[in-house]
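**Q** Sequence:
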Amino acid sequence: MRAWLALLIALWALPAAALENRLADHPSPYLAMHGQDPVAWQEWSPAVLELARREGKPIYLSSGYFSCYWCHV
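Counting the sequence shown from 1 gives a position; our numbering is that position plus 257.
A hint or two may mislead.
Unchecked claim - Taking CB as the label site, the calculated pair distances span:
1) 325 <-> 275: 32 to 42 Å
2) 326 <-> 303: 30 to 40 Å
3) 303 <-> 329: 29 to 39 Å
4) 303 <-> 330: 31 to 41 Å
5) 290 <-> 330: 15 to 25 Å
Just so you know, these hints were derived from the structure itself, not from any lab. Quick caveat: nothing in here was measured; it's all calculated off a predicted structure. Beta carbons are placed, not taken as given, at the ideal position from N, Cα and C, and that holds for glycine.
Please take these sequences and the hints and turn them into a complete structure.
**A** The following block contains the structure:
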């Protein structure tokens, strides 16, 4: 039981290296629109791909578009 408690405390004490959403100030209006999403969107770059590879995380690619109501009906 003490080992579990020690492990729990050790894990809790680790610094959180959470990513944050990097699109809020993006020059693209479409990407900036998603700057407040609850997803830590990152701009496509070799550094981000390397980080995902190093941490063993999947890559979720969003290829969306924005149009007015009449353009898509």
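**Q** Now tell me if each hint is right for this structure.
**A** Comparing the hints with the structure gives:
no.	hint	result
1	325 <-> 275: 32 to 42 Å	35 Å, holds
2	326 <-> 303: 30 to 40 Å	38 Å, holds
3	303 <-> 329: 29 to 39 Å	34 Å, holds
4	303 <-> 330: 31 to 41 Å	39 Å, holds
5	290 <-> 330: 15 to 25 Å	20 Å, holds
Hint compliance for this structure: every hint is met.
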